[in-house]
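As a plain string of letters, each chain reads:
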Amino acid sequence: MPQDMPPSGGYEPVQYRRNLPVRGFRPAYYLVAVGAIMTYGFWRIGQGIREQNELAREKMWSRIYLIPLLQAEEDRDLVRRTLASQTMEKELLGAETKVYHSDRFVRPTYAVTPANVTK
Amino acid sequence: MASRQPRFNQQVLIDTTPLPDSIPKVPEIGTSSAPLLSASYFIGARCKAYNDDYMLCKTESNGKGELECMREGRKVTRCAASVLDDVNKSCLDQFRAHWECLDNNNQQLWQCRRWERPLNKCVFDNLKLEKKIPGAPENETPVHLRKRQIFAHSIATQ
Numbered sequence: 001m002p003q004d005m006p007p008s009g010g011y012e013p014v015q016y017r018r019n020l021p022v023r024g025f026r027p028a029y030y031l032v033a034v035g036a037i038m039t040y041g042f043w044r045i046g047q048g049i050r051e052q053n054e055l056a057r058e059k060m061w062s063r064i065y066l067i068p069l070l071q072a073e074e075d076r077d078l079v080r081r082t083l084a085s086q087t088m089e090k091e092l093l094g095a096e097t098k099v100y101h102s103d104r105f106v107r108p109t110y111a112v113t114p115a116n117v118t119k
Numbered sequence: 001m002a003s004r005q006p007r008f009n010q011q012v013l014i015d016t017t018p019l020p021d022s023i024p025k026v027p028e029i030g031t032s033s034a035p036l037l038s039a040s041y042f043i044g045a046r047c048k049a050y051n052d053d054y055m056l057c058k059t060e061s062n063g064k065g066e067l068e069c070m071r072e073g074r075k076v077t078r079c080a081a082s083v084l085d086d087v088n089k090s091c092l093d094q095f096r097a098h099w100e101c102l103d104n105n106n107q108q109l110w111q112c113r114r115w116e117r118p119l120n121k122c123v124f125d126n127l128k129l130e131k132k133i134p135g136a137p138e139n140e141t142p143v144h145l146r147k148r149q150i151f152a153h154s155i156a157t158q
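Taken in sequence, the protein lines are chains A and B.
If you count by the numbering used here, then the first sequence holds residues 1 to 119, one letter each, in order.
If you count by the numbering used here, then the second sequence holds residues 1 to 158, one letter each, in order.
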């Protein structure tokens with residue numbers, strides 16, 4: 001019995017891939033478009049960050065210019081309260097007790113509550 | 001009586017004894033935060049010397065500054081009061097428009113450029129006090145002079 005041979009002229013080509021139409025643009029175009037969008041976005045972010053830095057600087061300096069004013073007012077109030085409490089202590093005890101072994105200004109911890117409504 | 005202000009009890013916990021007569025009196029500023037913020041750069045422009053003097057005094061007095069720097073502190077307060085007075089006298093409308101805008105916009109300076117520009121111009125024309133931000137990069141427009149504020153809510157306020 002003769003051996004089974006391929007048909008004369010060979011087999012027909014086997015179709016192993018689908019012939020679907022390719023949608024959209026070439027991938028390189030998408031890559032370029034995404035790159036452009038990203039570049040623009042990062043550029044805007046950079047602008048925003050720089051502006052934010054400047055705004056922070058502006059706010060910081062406005063605060064720096066105000067701090068001595070606020071601090072002076074606060075200190076004056078503190079001194080007023082301290083002197084008042086010292087006077088009261090002298091009136092009540094006849095002498096001033098030195099609490100700390102130091103001549104630094106120490107904020108008094110406790111306040112005397114005025115008996116009547118004062119303000 | 002620590003430096004913390006009394007909370008929840010504004011009526012009875014405050015000792016109102018005034019300062020002794022040996023210490024000169026100075027009227028406090030009594031301004032809320034928005035007008036202070038609005039005028040801060042003008043205060044800084046006129047009172048820089050006094051401010052620096054006071055802060056230096058506080059630094060050098062080693063924890064006794066509260067008592068020893070009262071003189072400098074009074075100068076600071078008087079100088080700031082003079083600036084606020086002058087601004088009130090010559091540019092009251094612009095000043096009020098700007099700080100009311102700041103009050104309404106969470107004190108964000110960039111929301112109020114539209115009202116800040118006339119205020120700066122008026123103060124510069126009348127009082128010769130210029131708003132300058134130290135340390136800002138020199139090759140770009142200072143942020144308060146830019147036409148467009150990136151972070152502003154709307155373009156109506158620019």
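Hints are supplied without guarantee of correctness; some may be wrong.
Stated by the list, open to error - If you want the ones that stay clear, here's a sample from chain B, every Cβ over 12 Å from chain A, calculated: (1) I23; (2) M55; (3) G65; (4) R74; (5) Q94; (6) R96; (7) D103; (8) L127; (9) E140; (10) R146; (11) T157.
To be verified - Here are the computed distance ranges between Cβ atoms for each label pair: (12) R148/B to N116/A: 54 to 60 Å; (13) F124/B to R107/A: 40 to 46 Å; (14) V106/A to R148/B: 24 to 30 Å; (15) L92/B to R104/A: 24 to 30 Å; (16) I155/B to T113/A: 52 to 58 Å; (17) I45/A to S33/B: 50 to 56 Å; (18) R26/A to F124/B: 57 to 63 Å; (19) R104/A to F124/B: 29 to 35 Å; (20) I49/A to T59/B: 32 to 38 Å; (21) R71/B to I49/A: 52 to 58 Å.
Everything labelled a hint here was simulated from the structure, so no lab data went into it.
Here a beta-carbon is modelled for each residue, glycine too, at the ideal position from N, C-alpha and C.
Checklist entry - Is it the case that E140/B keeps its Cβ farther than 12 Å from each residue Cβ in chain A? => result violated (8 Å)
Checklist entry - Between R148/B and N116/A, does the C-beta distance stay in 54 to 60 Å? => result holds (58 Å)
Item to check | Cβ separation check - L127/B to all of chain A, threshold 12 Å | outcome: holds (15 Å)
Checklist entry - Do I49/A and T59/B keep their Cβ atoms within the hinted range of 32 to 38 Å? => result At 33 Å between Cβs, range holds.
Next on the checklist: Looking only at beta-carbon atoms, does the pair I155/B, T113/A fall within the given range of 52 to 58 Å?
Outcome noted: holds (54 Å)
Checklist entry - R96/B clear of chain A by more than 12 Å, beta carbon to beta carbon? => result With a cut-off of 12 Å, R96/B remains clear of chain A, as the shortest Cβ separation is near 18 Å.
Next on the checklist: Taking the Cβ atom of L92/B and the Cβ atom of R104/A, is their distance within the range 24 to 30 Å?
Outcome noted: violated (44 Å)
Next on the checklist: Looking only at beta-carbon atoms, does the pair R26/A, F124/B fall within the given range of 57 to 63 Å?
Outcome noted: 59 Å Cβ-Cβ, so the 57 to 63 Å window holds.
Item to check | D103/B remote from chain A - nearest C-beta pair above 12 Å | outcome: holds (15 Å)
Item to check | Beta-carbon spacing of F124/B to R107/A - inside the hinted bounds 40 to 46 Å or not | outcome: holds (41 Å)
Checklist entry - Against chain A, does R74/B keep a CB gap of more than 12 Å to every residue? => result Per Cβ check, R74/B is inside 12 Å of chain A; nearest 7 Å; violated.
Item to check | Non-interface claim for I23/B versus chain A (Cβ beyond 12 Å) | outcome: violated (8 Å)
Checked against the numbered hints above, the structure breaks hints 1, 2, 3, 4, 9, 10, 14, 15, 17, 19 and 21 and satisfies the rest.
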